[in-house]
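Colleague: So you can see what is in the structure, the chains are spelled out below.
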Amino acid sequence: MLRYTLTRLASLAISLLVASAVIFLVVEVAPGDPAAYMLGLNAQPDTVAALRAELGLDVSRPERYLDWLGGMLTGDFGVSYTYRTPVAQMIADRLWVSLPLALYALTLSTCIAFPAGLLAASRRGKAADIGVTAATQLGVAVPNFWFAMLLVLLFAINLGWFSAGGFPGWDDPLAALKALTLPAIALALPQAAILTRVMRSSLLDTLGEDYIRTARAKGLSRGQVLWRHALRNALIPVLTIIGLQFSFLLAGAIIIEQVFFLPGLGRLIFQAISQRDLIVVESVVMLLVFAVITVNFAVDLAYAAADPRLRTRR
Amino acid sequence: MRRPFLSLAAAAALVAGPAAAQQSDLTIALQLEPPHLDPTSAAAGAIDSVLYANVFEGLTRFGADGGILPGLAERWEVSDDGLTYTFDLRDGVTFHDGTAMNAEDVKFTLDRARAEDSANAQKALFEDIAEVTAPDPQTVRITLSQPNGALPFNLAWGDAVIVAPESIDAIKQAPVGTGPFRFEEWVQGDRIELARYADYWGEAPALEAATFKFISDPTAAFAAMMAQDIDAFAGYPAPENLPQFEADPRFQVLVGSTEGETILAMNNGQPPFDNALVRAAVAHAINRQDIIDGAMFGLGTPIGTHFAPHNPDYLDLMDFSPFDPEKARALLAEAGFADGFTTTLKLPPPSYARRGGEIVGAQLRAVGIETEITNLEWAQWLEEVFRGKDFGLTIVSHTEPADINIYARPDYYFQYDNPDFQALMKELSATSDMAARTELLHQAQRMIAEDHVNAYLFQLAFPTVADARLRGLWENQPTQATDLTGVSWAE
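Protein chains in written order, with the UniProt record's numbering: chain B, 1 to 314; chain P, 1 to 491.
Some hints could be false.
To be verified - Interface residues of chain B toward chain P, partial, derived using beta-carbon atoms under 10 Å:
#, residue
1, Val26
2, Ala30
3, Met38
4, Asn42
5, Gln44
6, Pro62
7, Ile157
8, Arg267
As the list claims (entries may be wrong) - Computed list of lysine to any residue pairs in SDA-like fashion (alpha-carbon distance at most 25 Å, straight line):
#, chain 1, residue 1, chain 2, residue 2
9, P, Lys172, B, Val26
10, P, Lys172, B, Leu57
11, B, Lys178, P, Ser216
12, P, Lys172, B, Ala53
13, P, Lys107, B, Gln44
14, P, Lys389, B, Val26
15, P, Lys426, B, Leu41
16, P, Lys389, B, Pro45
17, P, Lys389, B, Val29
18, P, Lys107, B, Glu54
19, P, Lys426, P, Ala402
20, P, Lys172, B, Asp33
21, P, Lys172, B, Gly71
22, P, Lys172, B, Ile273
23, P, Lys389, B, Asp58
Rather than coming from a laboratory, the hints here were simulated on the basis of the structure. Ideal placement from N, C-alpha and C gives every residue a C-beta, glycine not left out.
Could you put the whole structure together from the sequences, leaning on the hints where they help?
Modeller: In structure tokens, the structure reads:
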């Protein structure tokens, strides 16, 4: 197991290094100079040059790459070109919106998908199953930003129960949660639809296994079999999907953050790209890559712990 | 069955809170968030939109009508040779950190702006300043290297506001100015809060606090306004919704003008647009009203030259380029392009360019000019079009006030190189007599309209949607600003 862990760790480090190089190259190659962007149409060339020097952009690319890489190893992500604040600080601020939003949406989607999937699987072919399946079809098909607009129209404009967007900060946790509710619902429903479908089919697969028939033969009722035997075994693919959805929710809420004008990670990266705040783009993307790769690493280890065959196979 | 609904509604009413007695705070939204809060080292108009006249003030300032008013300087005198300006500063002006504002601060500000390593986006405004001295704490003397009648105008820009050496290092995050509002807090990505400054030298504003929110998405802007999360939206980004707000008694809609001349710029340095006949053909192929109606939902004033129609010195020169496709085709044939030609049309992100570009493309096709449309981000546009001059046509709005002098810069992106025009601009900056300046400005407008340097489309409008009870918001944008000093709530 130790040997396996070490090889996985080495491949993790190599993946991160390669990712950092790719990210740096792609972002730097995109046309557009942050200094020229900031100074606009009337700036004189010498002013742009002065600002480039002030921002440290007059240094060669390989040197900047090494600076950035070395800084990240010590937790220093550099200073944003446009905002002029430490990138680490900006990311931390935005995570306080994006992370709770992702967790909120994930909780909602799980709370919807579990009962719905169970219901559909246990009533296979009956009206409830057909109803749930139809609803999930709709849920998968509806784009989340459009659904978000409908929510705003109904709950913010017509009923006035929620504000149309914005984020008051965590000083008042209830107000903060309330502000995240509509965005979380908009994010959660399409995810819930996918999760319900996975849950249903996974349960149905498990219900067809031999050990389920044996359990039934022992005299357990359908419900007991479903709860005690099928659910636990059907959960593995569901948990995998939940893991994938979490990283999607963290990184993929860009459009929802725009619709609800939330100061999250997605909006930060969106603004940074248009302002050519290269160092912010690079660092945020790197952070997301790091999150995904580490989650995969943890999943690999978990699989290996569960299935000894994986440890020896290369 | 009705109970749960009722209790929900009651809970919502509780959350909404009781109606305030007399409101003295304001939440106003803007589309763009400032990158940082130093108006003297970035071009971003969003910085001025939040801070100009609210937090920072200059020696002079723009009034709501675009006129130049005294700011921190109570009055000024010009020497007979036009080379020395003496500014008398107001008494009792303090920065928000409590320190006094004096002539040394002004000297520091102007020397910083014109220094060699200055990051001031409008450094050209200070080009003619040879020396700034502070003979006493209340007097500033500016000596020019050549007469420049536009100095008081130049000093009114947001890029010339007075800053203090003590607070300059932190200015990008915590700006300290002399205005009626002091900076309170910036939650990046969300809002900036200002609060009334008790020791302001002038008349205290009616508002005690103001919050600027940043909402870039037009749909979100509509929702926030309709849900009354915000009291006003300055520079409302979705003109198609304006009739809906106009019809709603809860709101008022103001449509003002800006300094933004929206032009179809042509690359004068490259064939075929180095040929005046081709440029004239393009100018005649354009139907301005169709573009305003189609791309801007009717908002915008057609222009015939690079000058703001609300400016007293404006000349209506649309007769030089009326919509006349027949004539456009004839001009093209005369220039040797009887079968037309193909060129590029590169469009930056704003809707005036993206939506306008489609219409311009169709209008040009009608006279035989095919355009290959490319949509660019701003950073790309600056690199390719503005710096690289790699374009045939582009659409852009020039939002700097009174910027006709860009036509005197042969290396400017549209590359108009006319020695007569350059001489005219030299003469203009050396002239301080108002009548003479007007005459020179008329000549300049006529020259570029006659040469069809660019096709002049329309003056960008500035729509504001606000709560019907709000008073005193700026309708026009003589400079990018949201001056809250005169804003109040009606009873």
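Colleague: Please go over all the hints and tell whether each is borne out by the structure.
Modeller: Status of the hints after comparison with the structure:
no., hint, in the structure
1, Val26, "15 Å, violated"
2, Ala30, "8 Å, holds"
3, Met38, "5 Å, holds"
4, Asn42, "5 Å, holds"
5, Gln44, "5 Å, holds"
6, Pro62, "22 Å, violated"
7, Ile157, "5 Å, holds"
8, Arg267, "6 Å, holds"
9, P:Lys172 to B:Val26, "29 Å, violated"
10, P:Lys172 to B:Leu57, "19 Å, holds"
11, B:Lys178 to P:Ser216, "22 Å, holds"
12, P:Lys172 to B:Ala53, "18 Å, holds"
13, P:Lys107 to B:Gln44, "22 Å, holds"
14, P:Lys389 to B:Val26, "24 Å, holds"
15, P:Lys426 to B:Leu41, "21 Å, holds"
16, P:Lys389 to B:Pro45, "14 Å, holds"
17, P:Lys389 to B:Val29, "19 Å, holds"
18, P:Lys107 to B:Glu54, "23 Å, holds"
19, P:Lys426 to P:Ala402, "15 Å, holds"
20, P:Lys172 to B:Asp33, "20 Å, holds"
21, P:Lys172 to B:Gly71, "23 Å, holds"
22, P:Lys172 to B:Ile273, "20 Å, holds"
23, P:Lys389 to B:Asp58, "22 Å, holds"
This entry does not satisfy hints 1, 6 and 9, going by the numbered hints stated previously.
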